[in-house]
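Chain S is already provided as a structure; the job is to place chain P on it using the hints.
Chains as they are written, first to last, in the UniProt record's numbering: chain S, 1 to 200; chain P, 1 to 792.
Source of the hints: derived by calculation from the structure; they are not laboratory data.
Where is the CB? At the ideal position from N, CA and C, for every residue including glycine.
In silico EDC-like pairs for lysine to aspartate or glutamate, Cα to Cα no more than 16 Å straight-line:
| id | chain 1 | residue 1 | chain 2 | residue 2 |
| --- | --- | --- | --- | --- |
| 1 | S | 105 | P | 88 |
| 2 | S | 98 | P | 123 |
| 3 | S | 176 | P | 123 |
| 4 | S | 101 | P | 99 |
Sample of chain P residues lacking proximity to chain S, with all beta carbon distances greater than 12 Å (derived):
| id | residue |
| --- | --- |
| 5 | 197 |
| 6 | 225 |
| 7 | 314 |
| 8 | 326 |
| 9 | 342 |
| 10 | 438 |
| 11 | 483 |
| 12 | 503 |
| 13 | 528 |
| 14 | 622 |
| 15 | 674 |
| 16 | 776 |
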Amino acid sequence: MLIRLLFIALGVVSTPFAAHAATANIDVRGPDGKPLAGAVVMIDTPKKPAAPIRFTWGTAMSQRNIQFDPHVLIVPIGSTVTFPNFDKVRHHVYSFSKAKKFDLKLYGKDDTRSVLFDHAGAVALGCNIHDQMSAFILVVETPFAVQTDVNGHATIAGVPAGGATVRIWHPSIRAKDNVLAQPATIAATGFTNTYTIRGR
Amino acid sequence: MTVPVTETKRERRRLFGFQHLRTRLAVLYAGLFAITIVAVAIVAQVMIRNHAQNSVRAELSTSGIVYDRIWALRAKSLTGSADVLARDFGFRSAVASGDGPTISSAVANLRARAGVANAFVVDTGGDVIGDGPADLRDAITDLPSTFADGSNNAVIATDAGTYRLIVAPILAPVEIGQVVFAVPLDATEMRALERLSAIPLSATMLHRRADGHWMSTDRTSLGDVALDRYVNGATRSSGTKLATLDLPGGKSFALAIPLAGRAETPDAALLLSYPLETALASYRSLQIGIALAGAVGLILVLLGSRRLANGIARPIAALDAAAKALEEGSRAELKVEGSDEIARLAESFNTMSAGILEREHRITHLAFHDSLTGLPNRTYFRQQMEAALIRAPKMGEKAAVLCLDLDGFKGVNDTLGHPVGDALLRQVGMMLDDLVKDGTVSRLGGDEFAIILSGRLDNDRPRALSQQIIDKFRAPILVDGHQIATGVSIGIAIGPGDGEDADLLLKSADLALYRAKQDGRGVFRFFEPALDAAARKRRQLELDLREALLTGQFRLNYQPIFDLAKDRIGCFESLLRWEHPTRGNVSPSEFIPVAEETGLIVAIGEWVMHEACRQAADWPSHVRVAVNVSPLQFRNSGFSNIIFQALTRSGLPANRLEIEITESVFLEGEDGVLQVLHQLRGMGVRIALDDFGTGYSSLSYLRSFPFDKIKIDKSFVDRVAQDESSAAIVLAIVDLAKALKMETTAEGVEDRDQLDQLRGQGCSSIQGYWFSRPVEGGAVLDLIAEPMSAAA
Numbered sequence: 001m002l003i004r005l006l007f008i009a010l011g012v013v014s015t016p017f018a019a020h021a022a023t024a025n026i027d028v029r030g031p032d033g034k035p036l037a038g039a040v041v042m043i044d045t046p047k048k049p050a051a052p053i054r055f056t057w058g059t060a061m062s063q064r065n066i067q068f069d070p071h072v073l074i075v076p077i078g079s080t081v082t083f084p085n086f087d088k089v090r091h092h093v094y095s096f097s098k099a100k101k102f103d104l105k106l107y108g109k110d111d112t113r114s115v116l117f118d119h120a121g122a123v124a125l126g127c128n129i130h131d132q133m134s135a136f137i138l139v140v141e142t143p144f145a146v147q148t149d150v151n152g153h154a155t156i157a158g159v160p161a162g163g164a165t166v167r168i169w170h171p172s173i174r175a176k177d178n179v180l181a182q183p184a185t186i187a188a189t190g191f192t193n194t195y196t197i198r199g200r
Numbered sequence: 001m002t003v004p005v006t007e008t009k010r011e012r013r014r015l016f017g018f019q020h021l022r023t024r025l026a027v028l029y030a031g032l033f034a035i036t037i038v039a040v041a042i043v044a045q046v047m048i049r050n051h052a053q054n055s056v057r058a059e060l061s062t063s064g065i066v067y068d069r070i071w072a073l074r075a076k077s078l079t080g081s082a083d084v085l086a087r088d089f090g091f092r093s094a095v096a097s098g099d100g101p102t103i104s105s106a107v108a109n110l111r112a113r114a115g116v117a118n119a120f121v122v123d124t125g126g127d128v129i130g131d132g133p134a135d136l137r138d139a140i141t142d143l144p145s146t147f148a149d150g151s152n153n154a155v156i157a158t159d160a161g162t163y164r165l166i167v168a169p170i171l172a173p174v175e176i177g178q179v180v181f182a183v184p185l186d187a188t189e190m191r192a193l194e195r196l197s198a199i200p201l202s203a204t205m206l207h208r209r210a211d212g213h214w215m216s217t218d219r220t221s222l223g224d225v226a227l228d229r230y231v232n233g234a235t236r237s238s239g240t241k242l243a244t245l246d247l248p249g250g251k252s253f254a255l256a257i258p259l260a261g262r263a264e265t266p267d268a269a270l271l272l273s274y275p276l277e278t279a280l281a282s283y284r285s286l287q288i289g290i291a292l293a294g295a296v297g298l299i300l301v302l303l304g305s306r307r308l309a310n311g312i313a314r315p316i317a318a319l320d321a322a323a324k325a326l327e328e329g330s331r332a333e334l335k336v337e338g339s340d341e342i343a344r345l346a347e348s349f350n351t352m353s354a355g356i357l358e359r360e361h362r363i364t365h366l367a368f369h370d371s372l373t374g375l376p377n378r379t380y381f382r383q384q385m386e387a388a389l390i391r392a393p394k395m396g397e398k399a400a401v402l403c404l405d406l407d408g409f410k411g412v413n414d415t416l417g418h419p420v421g422d423a424l425l426r427q428v429g430m431m432l433d434d435l436v437k438d439g440t441v442s443r444l445g446g447d448e449f450a451i452i453l454s455g456r457l458d459n460d461r462p463r464a465l466s467q468q469i470i471d472k473f474r475a476p477i478l479v480d481g482h483q484i485a486t487g488v489s490i491g492i493a494i495g496p497g498d499g500e501d502a503d504l505l506l507k508s509a510d511l512a513l514y515r516a517k518q519d520g521r522g523v524f525r526f527f528e529p530a531l532d533a534a535a536r537k538r539r540q541l542e543l544d545l546r547e548a549l550l551t552g553q554f555r556l557n558y559q560p561i562f563d564l565a566k567d568r569i570g571c572f573e574s575l576l577r578w579e580h581p582t583r584g585n586v587s588p589s590e591f592i593p594v595a596e597e598t599g600l601i602v603a604i605g606e607w608v609m610h611e612a613c614r615q616a617a618d619w620p621s622h623v624r625v626a627v628n629v630s631p632l633q634f635r636n637s638g639f640s641n642i643i644f645q646a647l648t649r650s651g652l653p654a655n656r657l658e659i660e661i662t663e664s665v666f667l668e669g670e671d672g673v674l675q676v677l678h679q680l681r682g683m684g685v686r687i688a689l690d691d692f693g694t695g696y697s698s699l700s701y702l703r704s705f706p707f708d709k710i711k712i713d714k715s716f717v718d719r720v721a722q723d724e725s726s727a728a729i730v731l732a733i734v735d736l737a738k739a740l741k742m743e744t745t746a747e748g749v750e751d752r753d754q755l756d757q758l759r760g761q762g763c764s765s766i767q768g769y770w771f772s773r774p775v776e777g778g779a780v781l782d783l784i785a786e787p788m789s790a791a792a
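If we strip away everything but chain S, and leave its shape as in the complex, we get:
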């Protein structure tokens, strides 16, 4: 399955739209003006991709060392995310998010559960046993979604030129569903912009 995912990713990169695609370079800054790492930048284009969306990072949300891993997982809509538990203790993973409410009752090590995410949106994950455990699964309908790096930078290649909507998600964003949305025009030569988040 891992190999297949990888293949899908490569397929995306080598789509025919590549000739009309541009690379978007987006910087996200927090309310304090500092680079905001871990924000999810999503570019919605009018034309929906025909092929199923696949991301290179897969659809697994592990529990390791009493933490979710990764902290933010971007998955295409309709993905089934697995919740492998690598800890010796049991976890009770749940979500009250509208995008997906679920409740994985206590399960132990190597006891893998999976959940189908069939609505787009951010799903906040928690563990009813461990308060400090927190993670997000972003269910997206676009292939152009990526997390900002430690410099608050995100590079998305192959974005079709033309009008688009740039959406940025971060838990600290004080907006509906923690998402900011802003229309943008993707030039053929590329798109570069810096988004500064309003908030507290």
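Leaving out everything else, chain P in the frame of chain S:
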């Protein structure tokens, strides 16, 4: 410029012008102590106030801290309660799924369990679930899960009141809402807080109004500028500063504790206040105690000062009174208490006043007593006599005065000296005092004593007493080992018959005494009117003498003195003649004593000197003029001047003037007489000793002065021819004079036999009726011209 100074002085004197030292001391001490006590009381009050303020501040701060702690605990407990709910899976599920009824019931359940007034759930969308005042609900729609200071609780103020909020986030795991407790900081809460404190402070919740003023939650505006300034200051600084504010409860100590709100600046503050009145109430007893102690101290000080001032001032006041008494002539003995300076002063004062009085008595005694005999003196005597005379007629009494004079006292002084004379007088005084028990003995002066007998006199008493005295003094008196034979003459006058006043009576007694002396001394005489008449006669004679001197009734007669060696008249003795218009010729023996007594002799003698010189100047140059000089004239210090003037004015050579003196001039003391005699001799005037052989006739007089001539008294000359002894005396005198190189003149030669005898004995010159009676001045030159030698 001096006016203000005196004004000031007067002012000061008025301010401190207490009449009594005691008052001044008392006021000074009491004033000083009062000032001290008041100062101490003020310091004590200030300290008490400070102490009260410090205690209240500590108490208020403590209350604030306790309140904070309690709130921290309560917040913690409430947070725990809220957290329990917020973390409940089912609750979170309900919140996440927006299950309103479930949430409501959970919140209600929580509210009951935690025992808070208001509990809410606020979701991220701002929906508030739970019961509570609308404005509170509005206020909490948008709350951060932690506040400015990082805590989860804050105090907010709404129109409905002030609330303390406890916020617990509902995490799923991201925050999907908050559980909020709102505890109203209302009156109940404040009362609970007040009960926490050890002191009855009052707690008030303040919140900031829109216009920036602070007011209490119960809408009673405390707002004034001072409060605003203080609370604003307190919110800015963290320290607890106590202020004194005017609050509805009165002036109070106040401590504002700002309560952290949502934002940086607090919405509310807790004001702990404590009325000054109450704070100081517990010290009131202390204050009253101090005031009482002060008052008691003041009273004690007043009493003490008074006592002290009395202690100091009373002796001084006594001293003052005693000094005043002394000033007025009486004497007050001070009581000497203790041995301090004042006691010594009192002692000294007593000594001093005693001394003053003693001296006063002595002075008084001296004024009224004779210092020699200690008997009353003339002044006292006169007073006594006047008193007796005033009393006598009223009581039908009599007052007798006895004037006494010692016989021959002058001789005692001359022969035995004044000390013996004084001792004699003292003894006489004592003897008289012993004798007279019913009268007053006085010494009037010299050897003159007087006795007053007054009251109910026996008619015979003056006589009997006089006789007693005379008998007593008949025996010689032993004085300093000398037996002195003296006698006493007494004149007696009895008032008011013999004189109505003291002077008259004394004069009468004096006249009687005079008579007694005239009657041979050692007797007493009563005053008789005849005595007064004689005295009047004498006084008239004196007046006539003065008149005679003024009107020139005197003239000089001259009796020649025949020089036996040269058989011619060598000298004329001038003799004073007074021919009064009505009295006729008055004998010198009659008027000379009066002239001597009255001192007129000096003026008369001066006239005689001038007249004799004036007339003698016309005589031949070998004829001298002799002038008799009274001892009284010698006593006059200007005597030699008078002679000098007489000589100068008349142009008579000094050696033609012969002064005749009697031995009596020496009785007054030789020194002065000899000095005058030498002075006269120095001028060239001749000096003759008259009446030699009579009187005291001390031969030493002849040695003391080199007389030019001795005149042998008529009493020797009278019998020189018949009586061998007289002849012997004359011979002796002549021989003596020859030996002393003095001339001799025999007086009163009346017949041939006498002349022969005298010539035979070598007498230088003679004088007498045998040769010539005195002649008028105008007849002198005729007499000189007569062939007198035949007669001789």
